[in-house]
Amino acid sequence: MPIILDKVSHVYGQDTNAPIKALNNINLVIPDGQFIGIIGHTGSGKSTLVQHLNGLMKATGGNIYFNGEDIDDNDFDKKKLRSKVGLVFQYPEHQLFETDVFTDVCFGPKNLGLSKTEIELRAYEALKLVGLDDEYFYQSPFDLSGGQKRRVAIAGVLAMKPQVLVLDEPTAGLDPKGRDEILDQISKLKKETGITVILVSHSMDDVARYVERIIVMNRGCVMYDDEPREVFRHYAELEKIGLAAPQVTYIMKDLQAHGYDVSDDVTTIDEAKDEIKRYFASLAAARKGNG
Numbered sequence: 001m002p003i004i005l006d007k008v009s010h011v012y013g014q015d016t017n018a019p020i021k022a023l024n025n026i027n028l029v030i031p032d033g034q035f036i037g038i039i040g041h042t043g044s045g046k047s048t049l050v051q052h053l054n055g056l057m058k059a060t061g062g063n064i065y066f067n068g069e070d071i072d073d074n075d076f077d078k079k080k081l082r083s084k085v086g087l088v089f090q091y092p093e094h095q096l097f098e099t100d101v102f103t104d105v106c107f108g109p110k111n112l113g114l115s116k117t118e119i120e121l122r123a124y125e126a127l128k129l130v131g132l133d134d135e136y137f138y139q140s141p142f143d144l145s146g147g148q149k150r151r152v153a154i155a156g157v158l159a160m161k162p163q164v165l166v167l168d169e170p171t172a173g174l175d176p177k178g179r180d181e182i183l184d185q186i187s188k189l190k191k192e193t194g195i196t197v198i199l200v201s202h203s204m205d206d207v208a209r210y211v212e213r214i215i216v217m218n219r220g221c222v223m224y225d226d227e228p229r230e231v232f233r234h235y236a237e238l239e240k241i242g243l244a245a246p247q248v249t250y251i252m253k254d255l256q257a258h259g260y261d262v263s264d265d266v267t268t269i270d271e272a273k274d275e276i277k278r279y280f281a282s283l284a285a286a287r288k289g290n291g
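At position 66 of the sequence shown (counting the first as 1) the number is 66 in the working numbering, and the numbers step up by one without a gap.
The calculated label-pair distances, taken between Cβ atoms and stated as ranges, are:
{"#": "1", "residue 1": "221", "residue 2": "77", "range": "29 to 39 Å"}
{"#": "2", "residue 1": "25", "residue 2": "277", "range": "44 to 54 Å"}
{"#": "3", "residue 1": "131", "residue 2": "17", "range": "45 to 55 Å"}
{"#": "4", "residue 1": "192", "residue 2": "100", "range": "17 to 27 Å"}
{"#": "5", "residue 1": "230", "residue 2": "259", "range": "19 to 29 Å"}
Calculated from the structure, these hints are not laboratory results.
Don't be surprised by glycine CBs; every beta carbon is placed ideally from N, CA and C.
Whenever a hint applies, use it, and build me the whole structure from the sequences.
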């Protein structure tokens, strides 16, 4: 069942002389199985928003529903919610602490009171889902590369078997290779399990490449909520709030400006490649017809 946000607001320091409205009347429906990107400049409210989804922060106005229940009801089980809506923070490897990788991933399911067999099975499955080879299971997590540590941290959340995986800047600090590996693995995980994935990112290219829906946050409000192609058509408006379209969109606009009859309505390299091939195929056909 979906997560529903109904007129959700959050004010920091609401009882002080300088309250800050971080979220303002947010209305969203997050259905099962969707891959969603959340973008916005620093201070736009995106991280505050996702921390409401599993009850880490409490709304100061409005309601949030998970599986049809209000998560702020007195009798609602927040512990169960956090096992179903898993949140991976920026630099999650800073939360690794056990002596070896496998033990670290076992930590979450162990707190659910499961049997030793079930705990270890979940840990093994989660590590396989993030693509970590068996040879790393009993190494210290602190001996791994940045990208491998990130995978271990994500596996620790997946071992809880969440219905929703929320990733707040999961590629922060990684080199391009490590970034692509993590996002490719998340995309593969989404396809294999059908889990809902919510990706918070500063990279327009990453969200354009992977997600099927983008939510743009600006000053605590939802500015746009649509599929990537529709959102990035508003590139001029996005630029005004410190964002942009993917780089490939600007490349296509430059080609147009130099007289090439190509569409700039593309958001990924694959789309650009197909559009350029179409253009040259049409040129060839026209020359053949004239010949």
